[in-house]
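**Q** Residue numbers (the working numbering): 81 to 266.
No lab work stands behind these hints, which were simulated from the structure alone.
Among the hints, erroneous ones may be present.
[Said to hold, decoys possible] Each pair of labels, with its calculated beta carbon distance range: (1) Val154 x Asp86: 28 to 38 Å; (2) Glu149 x Met81: 37 to 47 Å; (3) Cys85 x Asn127: 20 to 30 Å; (4) Lys125 x Val83: 34 to 44 Å; (5) Ser236 x His156: 18 to 28 Å; (6) Gly259 x Asp88: 27 to 37 Å; (7) Gly186 x Gly150: 23 to 33 Å; (8) Arg158 x Asp108: 43 to 53 Å; (9) Gly224 x Asn127: 14 to 24 Å; (10) Lys87 x Arg158: 39 to 49 Å; (11) Asn127 x Lys97: 17 to 27 Å; (12) Lys90 x Met225: 17 to 27 Å.
Think of the CB as a built atom: it goes at the ideal place given N, C-alpha and C, for glycine as much as any other residue.
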Amino acid sequence: MVVLCDKDIKRYFEEGKLIVRDHNGKIDACSIDLRLSNKFRFFKKSNVTHIDVKEIDMDKLMEFKESKEGEPVVIHPRDLIIGSTIEHVELPDDLVGTLDGRSSLGRLGIVVHSTANSIDPGFKGNITLEMSNINSVPVRLWPGMRICRLTFTKLSDKCEVPYYKKEDALYKDSKGPVGTKIHLEK
């Protein structure tokens, strides 16, 4: 397995194998930057004593908000907000993506992606971001800002069952910020 460099990423784009809709065209040495959308899911402030992963009612737990143009999203200390990328990503069957938060945001206490930074071959959709603030003060993030980077690793061959062919894939064709679907696992 090998991480794609800038010229290989460009080639995948040119050949139509890798699709990133709404991308700003900027390609770094071995990655592309992705930007923060203006759609978010916030946990409701409530008297919930716990979350049972087998019985989740997302409508009771979270609310959806869309920021107006020029309006930031504020992440308060210890908050978790579900966001997503502006870009719609379609990975071919022979590439796996790796999502990394920006170091500049990490230095402010913002964790851009809490877990599962691997994007499966065959994934299609907006990438969901599990953003949290481990700082002691609120931090404002602005829709449209660069929020993370995506690198691509070439597999030894095309995988037999890419994400879009998995019958039990919970996040196929993700649009916007998608909350957990762990309660739907079999």
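**Q** Does the Cβ distance between Gly224 and Asn127 fall inside 14 to 24 Å?
**A** Cβ of Gly224 to Cβ of Asn127: about 35 Å, so the range 14 to 24 Å is violated.
**Q** Look at the Cβ atoms of Lys90 and Met225 and judge whether their distance stays inside 17 to 27 Å.
**A** 24 Å, holds
**Q** Given the hint of 18 to 28 Å, is the C-beta distance from Ser236 to His156 inside that range or not?
**A** 44 Å, violated
**Q** Is the gap between the beta carbons of Lys125 and Val83 within 34 to 44 Å?
**A** 42 Å, holds
**Q** Regarding Gly259 and Asp88, is the given constraint of 27 to 37 Å on their beta-carbon distance met?
**A** Given about 34 Å between the Cβ atoms, the range holds.
**Q** Okay, Val154 versus Asp86 on CB: inside 28 to 38 Å?
**A** 35 Å, holds
**Q** Tell me if the beta carbons of Glu149 and Met81 are separated by a distance inside 37 to 47 Å.
**A** 41 Å, holds
**Q** Holds or violated: 43 to 53 Å for the Cβ distance of Arg158 and Asp108?
**A** 32 Å, violated
**Q** Please check whether Cys85 and Asn127 have a Cβ separation lying inside 20 to 30 Å.
**A** Given a distance of about 52 Å, which is not inside 20 to 30 Å, the answer is violated.
**Q** Just tell me: holds or violated, for the beta carbon distance of Asn127 and Lys97 against 17 to 27 Å?
**A** At roughly 50 Å between Cβ atoms, Lys97 and Asn127 fall outside 17 to 27 Å, so the hint is violated.
**Q** Honestly, do Gly186 and Gly150 meet the 23 to 33 Å range at C-beta?
**A** 25 Å, holds
**Q** Using the beta carbons of Lys87 and Arg158, state whether their distance is inside 39 to 49 Å or not.
**A** 43 Å, holds
In summary, the numbered hints that this structure violates are 3, 5, 8, 9, 11.
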